[in-house]
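Enquirer: Sequence order for the protein chains is A and B. Counting along the first sequence from 1, when you hit position 279 you're at 279 in UniProt numbering, and nothing is skipped either side. Counting along the second sequence from 1, when you hit position 50 you're at 50 in UniProt numbering, and nothing is skipped either side.
It cannot be assumed that every hint is accurate.
[Stated by the list, open to error] Coverage of chain A stretches by chain B, computed from C-beta distances (three or more under 8 Å per stretch; other residues unrestricted):
(1) 161-172
(2) 181-191
(3) 255-269
[Said to hold, decoys possible] Listing some non-contacts, in silico: residues in chain A with all C-beta distances to chain B over 10 Å:
(4) VAL26
(5) LEU27
(6) PRO44
(7) LEU64
(8) SER87
(9) THR88
(10) VAL131
(11) GLY175
(12) GLY176
(13) ASN244
(14) GLU246
[Stated by the list, open to error] Some chain B residues near chain A, calculated using beta-carbon distances under 10 Å:
(15) PRO32
(16) THR80
(17) LEU87
(18) LEU146
(19) PRO149
(20) CYS162
(21) ALA196
(22) PRO242
Just so you know, these hints were derived from the structure itself, not from any lab. Quantities reported herein were computed from a predicted structural model and do not represent experimental measurements. The beta carbon of each residue, even a glycine, is placed where N, CA and C say it ideally should be.
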Amino acid sequence: MDRYAKQRLFGLLARGSAALVVAVMVLVVSVTIFRGGRVLLTDPAIAVTPPGSRYMLEGDGGFLHAVLGSLFIVVPATIASATLAVSTAIYLQSDYSSERFSDVVNMFLNVLWGTPPIVYGVFILTVIIAVGAQTSLFFGIIAIGIFQYPIMTRYTDEALRSAPDTVREATYGLGGTRFETALMTLRAAMPGIIAGIIMGFARGIGDAATVLFTAGRSTRMPAGLFEPSTTLPVLIFDQAMSFNAEVRSHAYAASFVLIVAVLGLIIVSKLLAGRYARFAPGGRNS
Amino acid sequence: MTDTALTTENLAVTYTGNREVEALKGVSLEFPANQLTAIIGPSGCGKSTLLKSLNRLHEIQPNVEITGDVLLRDRSVYNTDEPVPELRKRIGYVPQKPTPLPLSIYENVAYGLKIHGRCDSKDELDERVETYLRKVNLWDEVKDRLDAPGAELSTGQIQRLCLARSLAVEPEVLLCDEVTSALDPISAETVEETLADLKEEYTIIMVTHSMDQAKRLADEVVFLYLGDLIETNDTRSFFENPQHERTQQFVTGHTAVEYTESSEESGADSETVPAER
Chain A
1 MDRYAKQRLF GLLARGSAAL VVAVMVLVVS VTIFRGGRVL LTDPAIAVTP PGSRYMLEGD
61 GGFLHAVLGS LFIVVPATIA SATLAVSTAI YLQSDYSSER FSDVVNMFLN VLWGTPPIVY
121 GVFILTVIIA VGAQTSLFFG IIAIGIFQYP IMTRYTDEAL RSAPDTVREA TYGLGGTRFE
181 TALMTLRAAM PGIIAGIIMG FARGIGDAAT VLFTAGRSTR MPAGLFEPST TLPVLIFDQA
241 MSFNAEVRSH AYAASFVLIV AVLGLIIVSK LLAGRYARFA PGGRNS
Chain B
1 MTDTALTTEN LAVTYTGNRE VEALKGVSLE FPANQLTAII GPSGCGKSTL LKSLNRLHEI
61 QPNVEITGDV LLRDRSVYNT DEPVPELRKR IGYVPQKPTP LPLSIYENVA YGLKIHGRCD
121 SKDELDERVE TYLRKVNLWD EVKDRLDAPG AELSTGQIQR LCLARSLAVE PEVLLCDEVT
181 SALDPISAET VEETLADLKE EYTIIMVTHS MDQAKRLADE VVFLYLGDLI ETNDTRSFFE
241 NPQHERTQQF VTGHTAVEYT ESSEESGADS ETVPAER
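Put together the whole structure using the sequences plus the hints.
Expert: Laid out in structure tokens, this is it:
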């Protein structure tokens, strides 16, 4: 085979694999949006009504309780986890830690990142049993927080590492302290950090395995921090397994809400990151 | 007799990474106050290392060892209880690569004033920001867009912004690391003019690749070669009557290993360019 044939073959493979991935993505998103959208259009009320007593059997009522359950878990978990992740990532930079230490920590974080979320779920479940508690929002927050932490830390660490070292040098050169310099580097790395936090949020809100054993299930509105609560992914799973066609169709509607929320988050993060990227050295114009 | 702003005493710097490199081998120097001293020499001869060790900026990278001392107005820079940021406030640094802080034009200049608590009111801050932007001849170009990101300026403007930012801290000494090397000739000229104006008020120590620049700007020249101080003299004597053989070779452009072109052959305005670029 001559060089140009090889080049054409490779080009074909590259384009083919890209097309395959895009096609699958478009299919998943559009099926969810169309089928879920149709259900929501026929009966928009299910998005905002609390579940009725027989909603799992006959489709009585909506899934507001799961939307709220998810938000009550993921918002606090993201805030706590992002705070810890950003602090850890700053600590892993060369001003605070040796290269070897941060390499070791990063290796552990990669392992944690790769751990199947069900493992976190089961781990927190054993804690729940050990302390004699029941599944609840509280333990859901902890499980999701632990699940998000390595994702956000790795993103933030990478963002800080790829921020130009000249910013750090310039801040020190102006008489900045180590802390002031860390804050300045954080600003320079902001687009990457926002991306990481949003990614953690999106993964957290979409994950079923972590909350299955920790937040539990409930057919009522979330009642308190130490009460069980259903989340969107768990609800989708339960409804999709139902014998009743109407209940199954509600699973599409819930998926629609979830997928639109995640898409919306990604768009918001792009806009936010873009605002900070204008200020980044070597940004738009240079 | 001019008075001395900075003195180095047998200053030696060794990088102790994978390969041990003696970057500076015991250099003793005096930098006169309110003059511009140019540090010249071929690539990798310790120019930037010398510059950064004057305000301990090399300490922000790992694996650096230092012996000897630096005196700022007769007080040791290394053997002191004073926090290092206080020292860097007095000895400012302008990096080689024009780097805006990830802030607006205004905030870039105001940053140093803010962290050192130099301004009590917003009005005073506004006034100072304007003063320093005028000092580097940038005010007229940016006064209508002070809230725009510093990163959106041209590289030449950014470098003047960096100067203004360093000046705002009101240092006694200003260290400039090849501040024109990343700039186009026209921007470089503007920055040079700014430096020429500034040397009346500040002690400036400048690393440069360009002998022509040293000739144009400097009052004193320091010549380093492979970590050793070879010669230091006032600019005129240095170029017209170099004492050391190595200086003669360098000044006439005959250190063939590092330099391919001599500055005389290629015309008065050209810079000597290191061969490896």
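Enquirer: The structure should be examined with respect to each hint, and the outcome stated for every one.
Expert: Results for each hint:
1. Only residues whose beta carbon comes within less than 8 Å of a beta carbon in chain B count, and the segment 161-172 of chain A has 8; three or more means the coverage holds.
2. Check result for the segment 181-191 of chain A against chain B: holds, 4 residues qualifying (beta carbon to beta carbon below 8 Å, three or more required).
3. For a cut-off of 8 Å, the count of residues in the segment 255-269 of chain A with a CB near a CB of chain B stands at 0, and the three-residue condition is violated.
4. In this structure VAL26/A is separated from chain B by more than 10 Å, as the shortest Cβ-Cβ distance comes to about 36 Å.
5. No Cβ of chain B comes within 10 Å of the Cβ of LEU27/A; the nearest lies about 40 Å off, and the non-interface call holds.
6. Every beta carbon of chain B lies more than 10 Å from that of PRO44/A, the smallest distance being close to 43 Å; the non-interface claim holds.
7. Here LEU64/A stays apart from chain B, with its beta-carbon at least about 41 Å from theirs, past the 10 Å limit.
8. At roughly 20 Å, the least C-beta separation between SER87/A and chain B is larger than 10 Å, which holds for a residue marked as non-interface.
9. With a closest Cβ-Cβ approach of about 20 Å to chain B, THR88/A is found to remain outside the 10 Å limit, as its non-interface label requires.
10. The Cβ of VAL131/A lies farther than 10 Å from every Cβ of chain B, with a closest approach of about 44 Å, so its non-interface assignment holds.
11. With a minimum CB-CB distance of about 4 Å to chain B, GLY175/A fails to clear the 10 Å threshold, and the non-interface call is violated.
12. Some Cβ of chain B comes within 10 Å of the Cβ of GLY176/A; the nearest lies about 6 Å off, and the non-interface call is violated.
13. With a cut of 10 Å on Cβ distances, ASN244/A stays outside the contact zone with chain B, its closest approach being about 55 Å.
14. At the 10 Å boundary, the C-beta of GLU246/A stays outside the reach of chain B, the nearest C-beta of that chain being 53 Å off.
15. Contact between PRO32/B and chain A, as hinted, is not supported at the beta carbon level, the nearest pair being about 22 Å apart and thus beyond 10 Å.
16. Contact between THR80/B and chain A, as hinted, is not supported at the beta carbon level, the nearest pair being about 15 Å apart and thus beyond 10 Å.
17. The closest approach between the C-beta of LEU87/B and any C-beta of chain A is roughly 8 Å, which is under the 10 Å cut-off, so the hint is satisfied.
18. For LEU146/B, the interface hint is violated, since its Cβ never comes within 10 Å of a Cβ in chain A; the closest pair sits about 14 Å apart.
19. Taking 10 Å as the C-beta contact cut-off toward chain A, the hint placing PRO149/B at the interface holds, the least distance being around 4 Å.
20. Among the interface hints, the one on CYS162/B holds; its C-beta lies about 7 Å from the nearest C-beta in chain A, closer than the 10 Å criterion.
21. For the restraint placing ALA196/B at the interface with chain A, the shortest Cβ-Cβ distance is roughly 22 Å, beyond the 10 Å limit, so the hint is violated.
22. A cut of 10 Å between beta carbons decides the hint on PRO242/B: the least distance to chain A is about 32 Å, and the hint is violated.
Comparing the model with each earlier hint shows violations of hints 3, 11, 12, 15, 16, 18, 21 and 22; every other hint is respected.
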